[in-house]
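Protein chains: 6
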Amino acid sequence: MVSAEDFFFSGLRRGDTSNAVGSNVTAANVNQIPGLNTLGISLVRIDYAVDGINPPHTHPRATEILVLLKGQLLVGFIDTTNKFHSKVLKKGDVFVFPKGLLHFQQNVGQRNAVAIAGLSSQNPGVQVTANSLFSANPPLPDGVLAKAFRSDKTVVDFIQGKFM
Amino acid sequence: MVSAEDFFFSGLRRGDTSNAVGSNVTAANVNQIPGLNTLGISLVRIDYAVDGINPPHTHPRATEILVLLKGQLLVGFIDTTNKFHSKVLKKGDVFVFPKGLLHFQQNVGQRNAVAIAGLSSQNPGVQVTANSLFSANPPLPDGVLAKAFRSDKTVVDFIQGKFM
Amino acid sequence: MVSAEDFFFSGLRRGDTSNAVGSNVTAANVNQIPGLNTLGISLVRIDYAVDGINPPHTHPRATEILVLLKGQLLVGFIDTTNKFHSKVLKKGDVFVFPKGLLHFQQNVGQRNAVAIAGLSSQNPGVQVTANSLFSANPPLPDGVLAKAFRSDKTVVDFIQGKFM
Amino acid sequence: MVSAEDFFFSGLRRGDTSNAVGSNVTAANVNQIPGLNTLGISLVRIDYAVDGINPPHTHPRATEILVLLKGQLLVGFIDTTNKFHSKVLKKGDVFVFPKGLLHFQQNVGQRNAVAIAGLSSQNPGVQVTANSLFSANPPLPDGVLAKAFRSDKTVVDFIQGKFM
Amino acid sequence: MVSAEDFFFSGLRRGDTSNAVGSNVTAANVNQIPGLNTLGISLVRIDYAVDGINPPHTHPRATEILVLLKGQLLVGFIDTTNKFHSKVLKKGDVFVFPKGLLHFQQNVGQRNAVAIAGLSSQNPGVQVTANSLFSANPPLPDGVLAKAFRSDKTVVDFIQGKFM
Amino acid sequence: MVSAEDFFFSGLRRGDTSNAVGSNVTAANVNQIPGLNTLGISLVRIDYAVDGINPPHTHPRATEILVLLKGQLLVGFIDTTNKFHSKVLKKGDVFVFPKGLLHFQQNVGQRNAVAIAGLSSQNPGVQVTANSLFSANPPLPDGVLAKAFRSDKTVVDFIQGKFM
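Residue numbers (this note's numbering), protein chains in the order written: chain C, 19 to 182; chain R, 19 to 182; chain H, 19 to 182; chain V, 19 to 182; chain E, 19 to 182; chain S, 19 to 182.
A couple of the hints might just be wrong.
Copies of the same chain are indistinguishable here, so a pair counts whether it falls within one copy or spans any two.
Below 30 angstroms or equal to it, Euclidean Cα-Cα: the simulated DSS-like pairs (lysine-lysine) are [as the list claims (entries may be wrong)]:
id, residue 1, residue 2
1, Lys-171, Lys-108
2, Lys-101, Lys-88
3, Lys-180, Lys-101
4, Lys-171, Lys-105
5, Lys-88, Lys-171
These aren't lab readings, by the way, just hints derived from the structure by calculation.
Pulled out of the complex, with its shape left as it was, chain C reads as follows (with noise of 0.2 angstroms):
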């Protein structure tokens, strides 16, 4: 039997943005609301601190439309084309970050900035691609990094011993 808790959250608060990256992100999907379960939509919240990013990422199963509710924030994703689309966002405008693109968000403004974006299932998932290449567990073979990098193993390491 479900009940109204079982569609419910409290917690799509400010998160902690003293962090390497200057940004958090706080999720309200099917691991805080059982109720989500094949619907196919999640929330997020996301906080920026000045010159904070929400660095290039990857959502594996999902679409993301975010709403700016405070600040000004660079936003922009790249298309499988490798053209670079991109807008400066003020308070209530909205974009669009296609299934499975690359993208990111930049604290463009002079405060710290607030945004809640849709995400187009009930478990988007998400890959900080940075992390996921230089501090994955166990690490990628350094030959495979120097060559998509089109870089050698000193710059690797240098990279990898960022996220250590």
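Once you have looked at the hints, place chains R, H, V, E and S on chain C.
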């Protein structure tokens, strides 16, 4: 060729709530954002005056997940066994209205309220139930409404008159 | 191990129409036929007494396609622009009620009527709108119904009383 | 602009069963009812003469759920382990033929029979298996049919001749 | 907890073609690879002896896309208008068999042939048509097969005997 | 009117691997085969030079299932908890890269390698991650890349320079 403009909308702003129900829904769906085509998601902003309601309605093609940004709302939906599930939401609380079910929100706070909601369709559609039944064009047969509401023509005419 | 019994149901027979609306819906969906699981379809038989109606209702998860086997029906649905689309059906006529939209059938012939309908879900669900709004358990707030129907507590109490 | 006509079809009536198999299928799908587009459902009426069969066939894009209106039918489908599941249906009985599987109906009563079936696609398609194999245009290679049926050219030519 | 083993299968190798049709299908689907669950895809390897065929069959839940690795194949499918579409493939050629339609491959080269095919389901299923019709368990009624193939019990018994 | 040509492609042949990463992907999707439209599947052939890699990338709309035809590959994907799942494949081994997740293949054998892979979309798309981030057009802001990789403008400029 697509451009960033196809994924952008600058209008999820405060709506005018000076109407019969004291609420206003502003949409950001495929009609405003052509890039949403086939992507299965959209957003709305809902404004509520003091004592305002977003009256009982259905979205024929979408589940809705709502987060309250300001104020206090009584929210609820009726399931297919006629059980009414409701909660009083405070700022930051989230509630889900499953696909196709009757639901509403009522401002139960002392000031205006604001919510953002994601919907699991690029074109969710909406039927405000009382309006659809009593102000359809052309009107529904009196006999159908009278029998459905277990009333008579007088009651039906009275309500229909309010929608003219 | 599945068997033929999992795909069989022996009960799409005449229903008892001696009730407030003069109609009866008999279902053959996944609750009766476990083999329908994941297959996305079900059937109903609808019986209508003289002057009976299948009152305005929605199926939250299905489109319906109805064929009239006997009698004469006025059928219709309301679209999301509040336009009412209707036809009078004779034996052998077919009508479609798109997913999630308010619709009804009214017996406008001189004798009882019978229809079969397919629904695009193994578990389509149904909300008989007036019943859901006026006999939900627990009841909806009076103020919500009064404002939705642009009436007052007297009218709401009157209709609610009819459903007790 | 859509109208009620787009959702209406006046032709699910008795079909002519004076043919090689003694049955007739009349369809109400997106080809007859443009409003069914994207809605994922359709209907058929099937008439069976005495001794008639609706021969083994598949619907490449749909599950079928059939209700018998008149007469007596032996119905069955073969699953992907070559198990044959069958039942004898009486008036009001329902049977499901899962998506894409070989199935048939045989009139085993003393008079004509009539069924209505829902299909889980607006355009389900049909392949009457013997006809597709032995009267395709152009014909399939003799060697393929001979080996498939573990027979020889004589048998294949004999059957192909029956379909000319 | 998933591991790499859940996404791995070590067996898409040469199959034994010493059988009645001179072909062998080796599958890599959710039955071999549990990690494919919900992911909607699988693979097969098909080996063909000289003069071998992969006889007419259907996949009830999948489209197939085949690439020829070695040898020469005549491939074809029959559409729902009974039109037969075919090509002779050489190494590196690709052909598509749309969802649910009857199709086959015939080795028309001088040596064995090998193909790999992707299927649009984690559990596509297969019905080898002649086998399903003539060696189902229990058998289909003689009368149904006789009428379907426009033949008589003698022909049906002859073919059924070949499958015992 | 469709013909066999709409379902045929004669080009899944050896690709030229003399490039920065030592690999080449040849596609057979809806861009090459119009008949794949709506059918939800496609194929690729991947060639790997000695020491070549198919660098970390994502398919925004597809799961991939790969079979190794020749050589020896280290393959792997990173899941949404940053766990890296990998295997060394030999001829005939199969591996699955779930929808939207970062994955790669590395030739770890002594000679060139060849694989065929099915993808669960007629238009899967691909983003080679390092290329998308460091050679997008126009370029991503330096500050975003620097912060994402926890490095500085010098490192970002160094890598970007490699892609010019």
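Cross-check of the supplied hints:
1. In this homomeric assembly, Lys-171 and Lys-108 come within 30 angstroms of each other (Cα to Cα) only across copies, at 27 angstroms, whereas the closest approach inside a single copy is 42 angstroms.
2. Taking the shortest alpha-carbon separations for Lys-101 and Lys-88, only the intra-copy value of 28 angstroms comes in at or below 30 angstroms, while the best inter-copy value is 35 angstroms.
3. Taking the shortest alpha-carbon separations for Lys-180 and Lys-101, both the intra-copy value of 29 angstroms and the inter-copy value of 18 angstroms come in at or below 30 angstroms.
4. In this assembly of identical chains, Lys-171 and Lys-105 lie within 30 angstroms of each other by CA distance solely across copies; the values are 22 angstroms between and 36 angstroms within a copy.
5. Taking CA atoms no more than 30 angstroms apart as the test, Lys-88 paired with Lys-171 passes between copies only; the shortest distance there is 28 angstroms, against 42 angstroms inside one copy.
Consistency with the previously given hints is maintained throughout, with no hint failing.
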